[in-house]
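Chemist: Protein chains in written order, with the working numbering: chain F, 1 to 479; chain V, 480 to 867; chain U, 868 to 1283.
It should be emphasised that the hints constitute simulated quantities derived from the structure, not laboratory data. Cβ coordinates follow ideal geometry from the N, Cα and C atoms, glycine included. Be aware that a few hints might be false.
Label pairs and their in silico Cβ distance ranges [stated by the list, open to error]:
id, chain 1, residue 1, chain 2, residue 2, range
1, F, Arg269, V, Ser863, 27 to 35 Å
2, F, Arg308, V, Ala508, 37 to 45 Å
3, F, Ser242, U, Arg1065, 51 to 59 Å
4, U, Leu1094, F, Arg277, 40 to 48 Å
5, F, Lys75, U, Glu1066, 20 to 28 Å
6, F, Gly347, V, Gly531, 29 to 37 Å
7, U, Arg1065, F, Leu232, 55 to 63 Å
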Amino acid sequence: MIRFQARFVLALVALALSPSLPAFGAAPLIDDEEAAAEEEEKEPKDRYLVVLGADIHTGNGEVLRDGRLLAKNGKIVAIGYDDFEVPGLDYDREVPADERGYELEILDASNVPNGRVYPGMVAFSSSGLLGGGGDYRDSIDMFNRNMLLGLAAGITTTGQTSSTAKLKRYVPGNFSRDYDFDGVVIGGKTLSTVSWGTAASKRSAREKLAGAAAYLRTYRQWQVDVKKDKELKEPSKSGVDSTMLAVLRGEIFARFSADYQDDLSGIARVAMEFGFRPVITGCREGWVVADELGRAGAMAVLTPRTRRSKDEQLVAEGGSSIENAAILHSHGVQVAIIPGSRGIDLGGIAGRDIMHLPIEVGFAIRGGLPDDAGLASVTTVPARLLGVGHRVGTLEVGKDCDLIVTDGDLLHYQTFVQYTVVDGDLVYDKQDELYFAHIRPRDDSLLAPLVPFDPAEVPIEEEGDDEGEDSEEGDDEDE
Amino acid sequence: MTLSAPVGEGIAIRCAKVLTMNAEDAVHAPGMVWIEDGALTHVGELREVPEGWTLREEDEMWAMPGMVDLHTHIHSGGFGDTNDMVHSVNPELRAHPALRPANRLVKLACASGVTCLLGIPGSGTNMSGFGVLYKTKTSGSFEEVVWKRVGGLKVAQDSNPARRAGTEGWGNCRASMGWTLEDVAGKALGSRREGRRDPALESLEKVMHRELPVLIHTAGSEGVVNTARMWSRKYDTQCVISHGSFDGWKAASAIAEWGVPVNHGPRTMDYFSSRNGRMNGTGAEYDAAGVPLFSLNTDSSVIPQEEFFLQGAMTARLGGDPYRMLRALTIHPAESFGLAERVGSLEVGKDADVVLYDGDPLDTRTRVMRVWIDGDLQFDREESQAFF
Amino acid sequence: MKNRTTQLLLFAGLMALQPNAQAGDLFAVQVERAETISHGTIEHAVILIEGDKIVMIGEDLAIDSGIPVIDKDPGWVATPALVNPYSRMGLSSRGPSGLNPQRKVSGELYTGAISKDVLEAGVGTVGLYPAGTGIPGRAVAVRTWGSGDARILRDDVYMKAMMRSDSTSKKTWRKGFEEADEHKEKETKNREKWEKDREKLEKDAKDDDKEKADKAKEELKKPYTPLVPKPAAAAFASLREGELTALIGISKSSDYVHFLDALGEEDVQWSLHVPISRESDLFHVKEQEALKDRHVIMTPAFSYHPGTLRRRSMAAEFFSAGAKVTFVPTSDSTGAHESWLRDVGQLVRDGLDSQAALRAMTLNGAEVLRVDEHVGSLDEGKHANILFFDGDPFAATTNLEAVLMEGDFITGEVDR
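Based on the sequences and whatever the hints tell you, model everything.
Modeler: Laid out in structure tokens, this is it:
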């Protein structure tokens, strides 16, 4: 990250002078000869990324005020307040960049007012962000505009029809480094759609489940019996539905697309009966039967702004409710949130597409969903549903270094993503791309006003405006 | 609970913040709003409440005037019944017969803090008729909800009517759309001048003499300038440019000079037409260019009426000033359409259209807790099913 | 600078060596300036032409009396005739999909001819590429005149491969190498078997049984017959050996990155064909190291930075990044060939180096077609394919005064 060097020399010196680090000018920790030898072998150098100067929201409830995060080769290796003592890592930069045995990037977010670090968001599904189709390893368009806009929107991972992939942009200005093709697809198919729309399809699903359950019982009995009689043959799987078998064995989620309460109750019942956790997309009337869904361990993928009035023929409650996500959550249903439009919509009607995940989450919070569940609905819950919860969704040691730096509360309508990092590489800087650079430009950018704008110095008419208070309002909520 | 206070008795609402949207941009924190006989009798500092009055202690709440949307189509309860596609100009048509008071969509609008709507015909023809001005009361008859049967004219001068303007099959390019409109405008002017009584031109005559406002659907920079030139330079009308989408904002400084208000939406962003590589916050650009009385719309149901506030939030996101956007949702539309005597701000003497929020009205997370229209409590989150 | 006397002597020597040269076969053109492309600009150049070849070119060469001289100094500027290395002129646009590297465009030549207007526009050499997707075959370099096989300058000039950001493209490309590997393995085994058989035959040849020995001796005389490879295997083997080059057609930057992934460690010669669309994203790849000195074929068109009206000249950007920019007309139409110089002229006025621009229309194309020892520059021994302009070839007011192809004036009223 060449362009950071000049700007952050001071920051680095300050870092080096801080007490917990070896004194400035002390013997370099890195073995230069070893580094040179490594260079000769053309081994890829270790890549370090340090993120500092912002509050780190780890996504699992913790907030580290002005914390620091260190990543090595794309994985988080430390989060905390200390200056990380990594053997060989030369903070003071006594050694020129090209003689170092490693690459060091420092993302100093102190130039972002009210800067916050969050885990990169996970879109349960999206369209067009990767620019390809089918096998994303071999079809991804790493220069794609929509991918860049996805990163600008804070999304770093997305579910696709049968896999989960990262928004792996070509690291800007770094064409000499090999593109990480193998890092694109990080998960396979974790959801199998079960048709639940008609009486026939429900019957069929139930029959298949019953068949699979019967097989499992026989199989388990055989596992016991075969110890006594080694000649005993393994029961035949013929006629057993392999998908349902995988569902019952917990290898794959059964995904239902359902909105009406009767359908949802039916899913809850069948899930309880056969003992699996259903994933329900849509789930519009889930709030009516939330207790049943909660007992069945259901997980829901929903759009809080879905609007449908209840069926006037029914006496029971029904239709959409802004409180849907909140009620489901309070009954133990894990909720993932997705906007109505899964693609990037540049038609001009703002706030409704995949670029506005936090806006959509805001509507769920309006309906009573707690803030942390709101963040989880676009990070940990979709990550879990996509089978990549061990790699993405929170900022934890050992997980992928996929993060965003925002200029405030992620869920506030004026907040922008300033930086996006995927696998430890800075792949988006708001001020480096045309799209949003002109909107409230950072002071360090060329687009910043020549005279720095200071809201405190603007004369306020008598009773004042409430604009300043708006943003404070946003801040207070996470305190 | 009683929906309305008995005559002679009032309601005093004490809240954390009162955003008046008046000319001085006064914010009272804490503040108080008095409702008496459907009107506001005090807006400002805390006062001792007269005996017999109801005091509502809403100490966590923000009070704001009900929002006013000038470009909506939900009066018929759906999206139909709004385009009469026979003739290319229809100065004789009125939208009010299509009004269904307190329909499902109107109730949702109320629950989101929108209290006053201009329900207009569609943009299928060049001049599609007159809109109906009504309040979003959650119950009530036609007479109880309608403020003005003939609220203002709807003209469509670019894009949509170019597709097909009436079965006459003409008016499908800018030249003929321009002539179609000038032709009928000239007839209306002549009718008044010569003392002819033509019922079909009666309302249009009023538009041509600033007695009724006109809302003009137009888009793109050329469209915006064409429209402003015709309706504010050639004719002296009380005109408001509606939409002004795509790269229309590039003409903002020109029409700001001419003093033509803009009612912007449902599109508030442009990438493709402006060709500067930016996600242009078009509303923010209009407002920054000094267009008078910049306001927003939903073109509901293009954007659901209950998400009117989000038009302000998204415009603020894309570079606008959040407080200015609150004005763009309340007093600006009211003033630009000659409605500010009664709605658009919390001021003594105006209609008691008051909305209580539990935070910043532009924030998606904020909830509308209570809505009074003409002094009657029309929505209470704690009482009603949470629509929104 | 050569001594004039020496040159005169040289010329006499040449005459002596070629006693049969008839007066009609030999003539000279004197121009104000010659752009040789291969070795710079020659002021007051004399070009001596014999038959279809350039036999000498230099500054102020003295010409033996009796040899007709066309003297256009001052006034004319000579350049090599233009070379369009990527065209389907006169051919059907239909083609196969998948892996077909054995297909030859030269087999399609009977289907159509190239309009005379193209020749008169100064284009002397055209590379006809195979139509289709995937790897549709091999291109042929042809003259823009004549008919049938007589037009062919060289066959199998490049193998075209379309590379898109999808697994099919990448698999198709890799499959070629896999087939080559398979063949190599089979061939090795076959050879081993043959050698083993030979050992046995040699033993048999010494056998007491005369009949058996004779038969073995007879067998031993037979040479080894290599296996006939599958067509794709043969093509990719010659690609590896450098006998064949590849022209990689991409449409956007990601295609290029996927191509590099598919290429892996294979060491083959390749050029790039990139279409210049209105909002091309190809500027991403221009600084890529592998593009240095690499031929990149493109149309002389501007594009805009995506989403904006900021004009970008991909040609100038690739040129300054070290690529060998090679131009082709904006389409296969006659009109596009006629406006080709004007189109490139736009880029020159925008800042593209004019020598680079001329080279991009002549020698670079000839190199792509591997006919650069015959055409593409003004050099001794090369085909006398020469254009004569009445000024700077890229100036809007300049006329193409005469077109000489293999020694014959195609256009231009030339008084010898």
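Chemist: Take the hints in turn and mark each one as holding or not.
Modeler: Hint check:
| no. | hint | result |
| --- | --- | --- |
| 1 | F:Arg269 <-> V:Ser863: 27 to 35 Å | holds, 31 Å |
| 2 | F:Arg308 <-> V:Ala508: 37 to 45 Å | holds, 39 Å |
| 3 | F:Ser242 <-> U:Arg1065: 51 to 59 Å | holds, 55 Å |
| 4 | U:Leu1094 <-> F:Arg277: 40 to 48 Å | violated, 58 Å |
| 5 | F:Lys75 <-> U:Glu1066: 20 to 28 Å | violated, 59 Å |
| 6 | F:Gly347 <-> V:Gly531: 29 to 37 Å | violated, 55 Å |
| 7 | U:Arg1065 <-> F:Leu232: 55 to 63 Å | holds, 58 Å |
Violated hints for the displayed structure, listed by number in ascending order: 4, 5 and 6.
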